[in-house]
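K.L.:
Take a look at the letters that make up each chain.
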Amino acid sequence: MAGTGAWQQVLEGDSIDRFFGHFVLGDAQREKILRDFPSADLSHLPATKDDVFKDLNDIWQRRGFLTPAETQAALIEKYLPGADERLTGFIRDTELSRNKPEAVTGYLSKEHAYLATALGHLYARETGMPMTMVEVDFSNMGGTNDYFRLKLASEKAVLPVDIPQREAELLTDLAVRVLSAGMTADIAALHPDARIVPIRTGGDELRILITGAGTVAEQLALSDALHAHIERRVAAMGLQDHAHLKAPEDPRRAGFGAALAVQDMQMITNPGTLIQELDARITEMKMQIGMMRLGLIDRDAVAAEAEGKISVGLLRMPLGLSFDDTIDLEIARAQKNADKAAEMLRDMNPQYNPELPQGIAGFKDYAARAMAQFGQLAVAVSTLPEILNTDKLGGRDRPAGIRPSDSLERRYVARALEHFEAEGIPLSPAALHFLKLSVRGLAPEDPSAQVMMPVGMVRMIDNAAADAQDFRAQMEAAGFDVDAALRAAGLKGVQQVMPHALAVSVHNLAGLNSALGHHNADIVLRHIAHEVIGGSVHAAGVPRQARSSFAMAHHGGGNFSVLLPAGGTDGQGQSWFASQAVIHKARSEIKSRITLLNKTPIAPFLSKNGGYVDQDVYQYLEEKNLNTFGDIRDPKERSYTFGEDIIKGRVNGIHAVVVSAAVCYDPQQPDTGGGAFIGGLRTRADAMMEQYRSAMLHQLHKQGRLEGGYTPARPFYAAFNSYAMGGNAPAAFILGGADGKKIQAGEDMRAEKQGNEKPKGPGGRG
Amino acid sequence: MMAAGQKLPEEIVEFMAKIGPRALSEEEARALNLLRLKHGLPAASASGVAAHILDGKDKS
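Those protein sequences? They're chains A and B, same order as listed. If you read the first sequence in the numbering used here, its first letter stands for residue 1, the second for the next number, and so on. If you read the second sequence in the numbering used here, its first letter stands for residue 1, the second for the next number, and so on.
If we strip away everything but chain A, and leave its shape as in the complex, we get (with noise of 0.2 Å):
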């Protein structure tokens, strides 16, 4: 086994290092609950991060390899010897319901994804077992989805307009669990003694790791296999030849489909560029698919795959012919397999098989029928622990003792602890350590950002919804300055106290992820979101203790979105109300942290934030002229419609737009909730970042700085804009930029750039 520390050197390494820290007390811990409890035995806990990592080797050892949540059951098992079966079995129930497949695809969910993913990697150095990743991307999800739509209209013979987008999307849907659930089933069939351990990373990114496909023939096998099936069915249910969504002309990337890299985790040589690398495989293999569909190859690839094969034996040359005439033999037979295999898949599609059954229904039913066949992923999954099952932790459902300002994590450990009490089980020490370890991971967290998944937000804003009435009905008892605090939040009475919601869209992750890799633009990431978002909030006077702060979630990509409690005291004792004065105030603040991330310069943040820079990374930074955030490229041509011309452009550095609303509705009536609220505050801050885009590339335009150029409207796209940007515009746009000024449309349309104020060369940036 390595020595200290060797759990850093792996892919995600860090979420291991955490993961380690919550299973050993600190010093004051200790010291706390021997003050407390002289008699506490601490003698079965783990001293150091070291001590766990052997704990888990012996776990590796005796179980094999396990998914997350259950490596935590199985350590916190081993922390609590003799423990009541009540509680450790609480404690299992609670982990184990963490593995609920989610709801598309039936993998884990992406709350998992780093912490597995760096297990997984561990797990291989550690056992010298085989594990081998594959990384999996959809291909034209939005094009499918507009596929469905028209599909739907022509059927029902309505517009596409009067189709729900969601209907349409419930059939993408169907497609992507149809693939997913496929690919499982394919591995199992494979390597029937495999542990699989499936996640869905993203919205259209899925990783499997496979405790098998040791060797390289296995997994050269292993991604044929998976790829053969998921044309078969991407045939079987019509769907290989719909125009790409962002690039409709090219039919190599026509129609829905995954493709994916198969990796040795044993051979991963540098962690830091592994993603991006598997995203390059993975975009090439659909070039080179989308070919294929077409009964065309690429005769460069044939050629460097048929010296490869022969260069390691997997190919033999036959007697009396040269090297080069066998590459010419591989060529013609991959040409006549790729005519064959077009052939073969359109036979299958009832797009061009009248004799299978057609349309939605006949979709439909292949689906059912696939998933009929692929049978069930064996990963433990228990129902949640009655009751935590719910929901419902706000207004009358508050456990005891919490108040309206409290995490989601605090209402579920408070429910936790009363069940306890009511059932007169004792709770030793280590017993409450772990027993609150395993019940905060309910409000799950995302790895990327290390904020709440959004489903905890969800939950959060039903619960201070309800919290709201109980909150003004209570607050004068509490102890509460009511007066103070209203004329501090320039509210005229309690009734407008109520709890707040902001949703923030930040511009150009993808640049940050294309510029400077995953890893460098998590940790970017990371910072947007505890210190400009989460650091703005606080500095607009919400406070960050652990009973009355706020919440935080990340929806992907750039967009956050955050609850302020109706209210709370600070740190002083001063009680105050969340209102659009906080809200502004939270709103300026982040427009200038935004403003000093475009200034700060990249090398030494990343150097200091525990990135991937070394020597080469400071060479191309300065050979691209990457010195701050405000110099990352935006990687898609943006366009909007101003007169009679298109303007095309890239809208460089880091920008952000925030909404806001109070969250005031009633829980009990139909159509509203959580989800329903949060999800029409995200699109406002979608459309108000459409239109923040539209206004930058405007800016730049008239000042002659825009990085692209402008062509001739065509009517289409015209009467596209001038919805926007007329007087029929969105509400979000109405509400104005993140600096909360109205900008306006036509000639007197202005935008502040957030940030990065340095002159740029004319075209393009300096």
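These aren't lab readings, by the way, just hints derived from the structure by calculation. Small disclaimer: the values here were computed from a predicted structure and weren't measured. One thing to keep in mind: the hints can contain errors.
Unchecked claim - Subject to a maximum C-alpha distance of 35 Å in a straight line, what follows is the list of computed DSBU-like cross-link-like pairs (lysine-lysine):
{"id": "1", "chain 1": "B", "residue 1": "K18", "chain 2": "A", "residue 2": "K624"}
{"id": "2", "chain 1": "A", "residue 1": "K78", "chain 2": "A", "residue 2": "K436"}
{"id": "3", "chain 1": "B", "residue 1": "K7", "chain 2": "A", "residue 2": "K436"}
{"id": "4", "chain 1": "B", "residue 1": "K18", "chain 2": "A", "residue 2": "K392"}
What the hints assert, rightly or not - A few chain A residues that don't get close to chain B, going by computed Cβ distances all over 10 Å:
{"id": "5", "residue": "K32"}
{"id": "6", "residue": "S43"}
{"id": "7", "residue": "P248"}
{"id": "8", "residue": "I297"}
{"id": "9", "residue": "D483"}
{"id": "10", "residue": "G517"}
What the hints assert, rightly or not - Cβ-to-Cβ under 7 Å is the rule here; a few derived chain A residues that face chain B:
{"id": "11", "residue": "A228"}
{"id": "12", "residue": "A332"}
{"id": "13", "residue": "Q335"}
{"id": "14", "residue": "Y620"}
Quick reminder that beta carbons are idealized off the backbone N, C-alpha and C, glycines included.
Let chain A serve as the given structure and place chain B on it in line with the hints.
P.N.:
Chain B only, in chain A's frame:
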């Protein structure tokens, strides 16, 4: 044949080190793919996929 746990060929390690942590361009992705194929490593190629589709094992 490369066995499990064997080191990645130096040529590929150097290729990725030169790129650093950023995303690969389309040209770089293609070059990396050809390099991996030439070393007999798992990489993007549809010829094995097409052959697998034709061999008729997959009925689902």
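K.L.:
Which hints, by number, does the structure contradict?
P.N.:
Hints 3, 4, 8, 10, 12 and 13 contradicted; others consistent.
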